[in-house]
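Peer 1: Sequential numbering of the sequence shown, starting at 13, is according to my numbering.
Derived from the structure by calculation, the hints contain no laboratory data. All residues carry an ideal CB built from backbone N, CA and C; glycine is no exception.
Below, a list of computed lysine to aspartate or glutamate pairs in the DMTMM-like style, where the Cα atoms sit at most 25 Å apart:
id	residue 1	residue 2
1	Lys169	Asp94
2	Lys286	Asp145
3	Lys169	Glu241
4	Lys169	Asp32
5	Lys169	Asp349
6	Lys410	Glu101
7	Lys286	Asp200
8	Lys286	Asp210
Taking CB as the label site, the calculated pair distances span:
id	residue 1	residue 2	range
9	Lys169	Arg346	25 to 35 Å
10	Ser348	Tyr396	30 to 40 Å
11	Lys410	Trp147	48 to 58 Å
12	Ile429	Ala159	32 to 42 Å
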Amino acid sequence: MQSTETPVETSAAPRWNRFDTSWTIGLFGTAVGAGILFLPINAGLGGLWPLLIATVLIWPMTYFSHRALSRMVCASPNPNQDITGVVREYFGETAGRVVTVLYFLAIYPIVLIYGVGITNTVESLMVNQLGLDPWPRWLLSGVLVLAMSAVMVGGKKVMLVVTQWLVYPLIAVLFAVTLLLIPQWSFDGFGALPAPGDFAMSLWLMIPVLVFAFNHSPAISQFSVSLRERYGAGSVQKASSILRITAVLLVVFTMGFVWSCVLALGPEGLQEAKEANLPVLSHLANVMGLPLIAWLGPAVAITAIASSFFGHWLGAAEGATAIVRTMVDPRQKRLSDRGITIGVSVFLIVTTWLAGVLNPSILALIESLAGPVIAAVLYLMPMYAIHRVPALARFRGKASNVFVVIAGVVAVGGILISLFR
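Please take these sequences and the hints and turn them into a complete structure.
Peer 2: Quick look at the structure:
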């Protein structure tokens with residue numbers, strides 16, 4: 013989103029306005045996608061007590077990590093650089109290229125996840141709620157991926173407008189579903205407080221899924237660039253304000269929804285949802301026997317996946333473009349910006365469509381592909397930059413930095429443990 017106003021060159025954050033609200037909703041929409049719809053499954057299977065501790069930890073984890081990543085961009089001496097340019101500026105060309113590849117790998121698998129998630133959700137809706145014969149998977153996935161991609165081809169401004177149309181109803185419906193499930197709550201089957209070792213292991217393995225579910229880092233780069241263009245030096249403080257509110261909204265609506273789903277389904281229902289490779293709401297719609305949930309469930313799932321797809325497309329396209337620029341055409345003489353944009357868009361559309369057709373396990377993709385790199389890029393890289401790069405020296409010496417490093421190490425360790433168990 014380009015601003016026509018003169019940047020505010022001051023360290024004070026200006027009053028809250030519609031521009032800030034649009035980005036708050038955009039960041040919320042980026043996070044509320046496959047993560048929230050699959051989070052109750054893994055989080056609930058870990059037990060209620062680890063879930064309680066995770067609920068307490070997730071706000072500071074989300075806010076401090078995304079704030080640090082945004083500061084890397086906002087505090088750059090070159091206000092026109094996105095995250096891929098900033099890391100080359102901070103770490104040098106070689107290290108910058110490595111980080112750019114990691115950044116792409118942290119986001120691109122999630123775009124593929126949404127190709128699978130949207131296809132499975134709409135197919136389940138057609139069969140279970142509408143009573144229709146399902147379309148051939150290649151056709152259904154192709155239509156859905158093209159429809160979501162068309163919004164991104166329209167540009168960032170179109171994406172923010174469409175995201176707001178989707179997210180406001182999504183917030184309302186998420187809250188409604190949370191309340192509607194209360195009569196179905198049951199604590200049976202979860203058992204007593206587990207042994208300390210089992211408790212710690214369950215919490216440790218839950219952290220990577222939480223990191224993914226609350227992750228809106230793919231949109232942080234363009235968010236920070238937009239703030240820098242509009243607010244100048246005030247962008248750092250403004251970003252903190254927007255990210256703080258975004259994190260509060262995510263915790264209130266996401267964890268409220270997670271607790272309601274977990275208590276309504278119980279351990280056996282959560283295991284069935286995991287085996288069906290369906291978002292938890294689609295599974296609820298199929299098994300609860302509540303007519304309103306039967307329709308609201310798939311609607312929330314489709315809306316959440318679509319809104320989150322947009323933000324992750326931004327990050328994946330940004331990373332892919334930087335890889336082409338720095339590794340294929342470093343002198344920027346052979347390929348035009350338009351040619352690269354078209355090529356990257358075609359690549360994302362085709363591969364997301366193929367993922368939707370092949371239908372790999374979504375939770376396996378989260379655990380093995382997206383999780384490790386997200387944790388490293390979101391939690392550890394900004395902390396390394398803050399303690400090494402002179403332009404970020406003013407952010408050193410904070411207790412929150414130590415917390416983010418510990419959370420990042422725990423998240424990466426939890427992912428590695430889950431992979432080799």
